[in-house]
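**Q** Going line by line, the protein sequences match chains A and P.
Heads up: the first sequence at position 210 corresponds to 210 in the working numbering, and the numbers run straight through without jumps.
Heads up: the second sequence at position 98 corresponds to 98 in the working numbering, and the numbers run straight through without jumps.
I should point out that these hints are in silico values taken from the structure, not numbers from a laboratory.
Careful, some of the hints might be misleading.
[Unchecked claim] Computed footprint of chain A on chain P; a stretch qualifies when at least three of its residues, placed anywhere within it, have a C-beta under 8 Å from a C-beta of chain A:
(1) 125-138
(2) 144-153
(3) 169-178
(4) 181-191
(5) 219-225
(6) 446-457
Since the model is a prediction, treat every value here as computed from it, not as a measurement.
The beta carbon of each residue, even a glycine, is placed where N, CA and C say it ideally should be.
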Amino acid sequence: MIHTPHIDWFALSTILALLAASGVSLLGAVLVPARLRRRFGASVSTVGFLGGLVASIWLYVDSPHAQTVVSGAFYRDRWTALAQIILCGIGVATTLLSWEHLGRNDDHIAEFFALLLASAAGMAFFVGAGNLMTLFLSLEWFSIALYVMCAIDYEQEGALEAGLKYLVVGSFGSAVLLFGSALVYGATGTISFDGIVRAIGLPTPTLERLMMGNSLLVVGIALIVAGLGFKMSAAPFHMWTPDVYEGAPTPVTAWMSAATKVAALVLAMRLMQSAFVLDRHLWSVAFAVIAVASLVIGNLAALVQTNVKRLLAYSSVSHAGFMLIGLSAGSALGGRALMYYLIPYSAMAFGSFAVVAAREKELGEPVTLENLAGFGWERPFLGVAMWFFMFGFAGLPVGGGFVGKFYVLAAAYEHGWAWLVVVGVLATLVSLYYYLGVVRAMYMRRPELALAGGSPPRDRLTHIAVGMALAVSVGSLFAVSPLIDLARHAASSLPF
Amino acid sequence: MSTAYLTSILIWLPIAGAIVVWLLPLSKYATGSLAVLISLIEVGFWIEQAARFDFHHSGLQMSEQAKWFGELGITYHVGVYGFSVWLVGLTAVAMAACTGYGFWVGRDRPRAYFALMLLLTGATVGVFESQDLIVFYAFFEAMLIPLYVLIGVWGGARRMEATVKLVIYTMAGSLLMLAAIVVYGLHAHTFDLVNGPTSTSRWLFLGFMVAFAIKAPLFPFHGWLPDSYREAPPEVTAVLSGVVAKAGLYGMLRIAIPLFPDPTSFYRTAILVLAAAALVYGSMLAFRAPDFRGVVAYSSLAQSGLIALGLFSGTTLGRNGAVLQMIAHGLVSVSLFLLAGIVERRTTTGDFALLGGMARGRPVLATLLMTLGVISLAVPGSANFAGEFLILAGAFQRAWWWAAIGAAAIVIAAMYMLRLISAVLHEARGSTVADAALDVRPGELALIAPLVAGLLLLSAWPAAVSHHSFVGKWPKQPTSSSTFLAPGR
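Please put together the full structure from these sequences, using the hints given.
**A** Written out as structure tokens, the structure reads:
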């Protein structure tokens with residue numbers, strides 16, 4: 001007889017809510033008439049994400065003490081719950097955006113929402129993964145959904161290419177991560193994070209074991225770091241990012257740039273702090289190096305971009321670098337810095353891609369710095385929102401990005417890495433040039449292009465989504481204390 | 001204290017006003033009127049603040065403190081000292097005049113324009129009132145955002161280069177300052193300016209000083225100045241040179257000198273040399289400048305040098321003179337740039353080769369320009385004379401040659417101001433000066449006259465500012481009286 005472990009269903013409620021909505025949406029693809037599918041899928045998706053939001057808030061409140069559930073496969077703690085809250089928030093906004101801006105027809109719209117919800121459920125599981133097996137399974141779970149989402153609008157030029165590229169590179173990243181996990185298992189004989197840290201902490205009996213175990217473990221950690229680097233699109237594992245972000249439908253890009261990064265960074269912090277905490281001296285340097293590489297490559301490459309989606313893709317690489325500074329500090333302050341930074345970052349990343357989506361729909365062609373001309377004056381709300389996102393990305397005090405940068409730099413300095421502070425500061429200075437370039441393109445050029453005539457597209461929901469992102473991004477500047485308290489409680493469930 | 005609300009109102013009223021102006025779909029005329037009204041209310045609140053301020057009391061007054069980042073000891077802490085009251089007043093008055101000028105000339109896209117002007121007002125007042133390093137930094141940066149857009153959208157033909165230079169220069173300095181703030185705050189365990197300990201770290205001092213020197217601007221950090229001052233709309237140039245530049249000097253007075261006494265003495269000579277160089281070099285450039293705005297722009301560079309000379313002389317006289325000179329030069333420079341705008345509107349140019357002979361038939365313009373020129377070249381009895389005299393007297397206490405250099409530069413100042421006056425008002429009539437070009441209109445006079453009146457008042461009673469800025473010893477001994485040595489000294 002097979003013993004099934006006790007399952008704390010409540011700990012999984014966010015994931016279950018999302019999965020249930022995904023299933024309903026998928027049924028809708030067959031049972032609901034075509035003309036209602038978009039409305040049906042989007043409504044189900046909204047309800048699903050709101051349900052997930054409520055469940056994760058409840059979990060946050062109700063899980064003051066960290067514990068593992070389902071035989072140690074999943075963490076029920078505030079770190080997981082806060083990440084799920086952020087993910088569901090992004091999900092609601094993405095749903096609103098996709099409602100209006102995804103695809104030219106309604107062929108696959110219900111499937112799209114099913115995939116969106118499924119990928120969100122995968123990420124919600126990923127952030128709470130408690131052993132290497134659930135980690136890998138949930139990674140594949142959300143990745144496969146994302147591969148399809150990238151290519152779902154297959155009539156759009158580049159969408160299939162983006163999907164394929166993401167599939168190939170993403171699978172490579174997953175394989176690397178899996179291989180690393182295998183090596184770690186070989187070195188420690190266990191897959192659960194708690195078990196790994198105990199195994200590493202054991203006094204090693206023989207010299208041979210010491211040598212073998214250690215090199216296996218080090219290579220394993222390195223491969224896991226690389227695998228996670230692919231998902232968080234940190235340099236030098238970022239090669240796929242600009243192409244995929246450019247080719248994918250813009251709502252999908254918005255979702256990936258915000259949510260995937262949240263999931264990958266939150267999980268990386270948890271994995272490193274709980275399983276490999278005794279090897280902090282190794283990974284903290286590794287992540288610092290990756291952070292510097294991301295800051296340098298992301299910022300320099302963004303300088304020369306003219307396609308706005310590619311520009312924002314490189315900007316997301318550089319922001320991965322910033323957040324990795326918080327991760328590499330490996331301290332409670334770094335954990336708070338990372339968690340806090342993710343809130344305004346995801347709002348700004350989502351919001352800026354949403355604005356691009358609106359412009360793209362208006363023009364019917366890819367958005368470049370050239371054809372953004374005059375956008376700020378034509379669409380005052382979206383223009384001002386983009387203005388806030390760009391200045392916020394650049395770390396000017398118009399949004400939480402400023403506080404986030406301040407926090408990660410403080411964490412780096414506290415860790416004794418003054419040089420990392422200098423790199424961060426220089427990177428910010430470089431980044432100003434291209435962020436301001438977007439503002440300049442929107443407001444300070446005369447529109448030379450004759451725009452496509454007709455009435456502006458219907459996008460009330462996009463306005464709501466962008467408004468939500470704007471509110472979070474600006475509000476997080478004023479509500480630093482409450483958000484930091486949330487992040488502190490979340491980070492306190494990790495063993496620092 | 002029951003008057004504490006005034007401090008916050010002065011910051012947030014214009015910012016709230018900016019949002020209202022931006023959101024309300026009013027006509028061009030109504031938008032402008034509303035913005036001018038808000039900026040006048042701001043002046044009213046400042047008068048209330050100045051009237052209720054106790055100038056015989058040395059500590060921080062009308063302070064408000066609220067939790068912002070609970071854990072790092074960062075608070076929203078605002079309040080005013082004697083000298084801050086004057087700088088806030090300068091901001092309120094100058095911004096009201098410049099907003100009025102924007103209304104008078106009818107800037108395009110009024111909702112965005114006036115919202116940005118009000119935002120700039122709030123941010124600048126915030127710089128002068130904040131008593132926490134992070135709050136200070138936030139407002140210091142926030143000033144840049146409206147300036148960037150104001151120049152980039154409403155500026156002249158070469159505005160793109162101007163904005164890029166402005167932003168890159170100032171942000172390079174500001175980010176160094178941010179790094180210095182992080183290091184200072186984490187070592188001191190507080191970011192508070194009132195209770196913060198002093199530090200002996202020379203690196204931190206330099207981080208702050210570079211940011212302030214770029215903003216002021218001081219030689220050799222003034223590379224952004226000529227382009228920005230030429231390409232910005234005249235009222236924005238006026239704000240930039242009259243008010244925003246003072247934020248850099250204020251930063252030296254409020255942060256760099258009191259928090260870093262040892263590095264201040266260590267670098268004193270170097271800074272005095274740079275300040276004197278700015279004074280002489282700026283004056284010479286002003287003498288060579290081919291246009292109205294160029295003269296005023298480079299004279300601002302010279303004046304920043306002079307004020308820094310006073311601040312870093314380390315004497316009471318020099319410091320009092322520096323504050324007086326900040327106010328006086330702020331008023332002069334705002335008025336002169338507005339006059340430059342008025343002249344440019346009539347002749348389409350500020351180029352001296354194309355100007356001249358404007359005094360004939362335009363008595364108000366001639367009177368205003370003469371009055372301002374005379375005050376600006378520090379004729380005895382003028383506010384600028386009092387300020388410069390105090391600064392030079394303070395510098396003299398340090399060593400006689402500083403005063404000698406300063407005095408020599410003031411002679412050049414007389415030369416460039418007289419050159420400006422004669423090139424615009426006298427000489428042969430310029431090719432662009434039409435007979436039909438009007439004199440200063442009542443509306444324009446109404447903007448500049450209060451500034452000139454303020455200058456005349458200060459000329460009559462300079463002690464109003466110079467004796468009501470500091471009470472007792474400054475920099476005050478910090479209450480915690482601890483000093484720490486940051487690494488990398």
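**Q** All hints are to be evaluated individually against the structure, with a verdict given for each.
**A** Now the hints, each set against the structure:
1. Counting residues of the region 125-138 of chain P whose CB falls under 8 Å from any CB of chain A gives 3; the rule of at least 3 is met.
2. Coverage of the region 144-153 of chain P by chain A holds. Counting CB-CB distances below 8 Å, 6 residues qualify, and the rule asks for three or more.
3. Evaluation of the coverage hint for the region 169-178 of chain P: fulfilled, as 5 residues show C-beta separations to chain A shorter than 8 Å, against a requirement of three.
4. With 4 residues having a Cβ less than 8 Å from any Cβ of chain A, the region 181-191 of chain P passes the three-residue criterion, so the hint holds.
5. For the region 219-225 of chain P, the proposed coverage by chain A is not satisfied: 0 residues have a C-beta within less than 8 Å of a C-beta in that chain, short of the threshold of three.
6. Chain A is given as covering the region 446-457 of chain P, and this is violated because 0 residues of the stretch bring a CB closer than 8 Å to a CB of that chain, at least three being needed.
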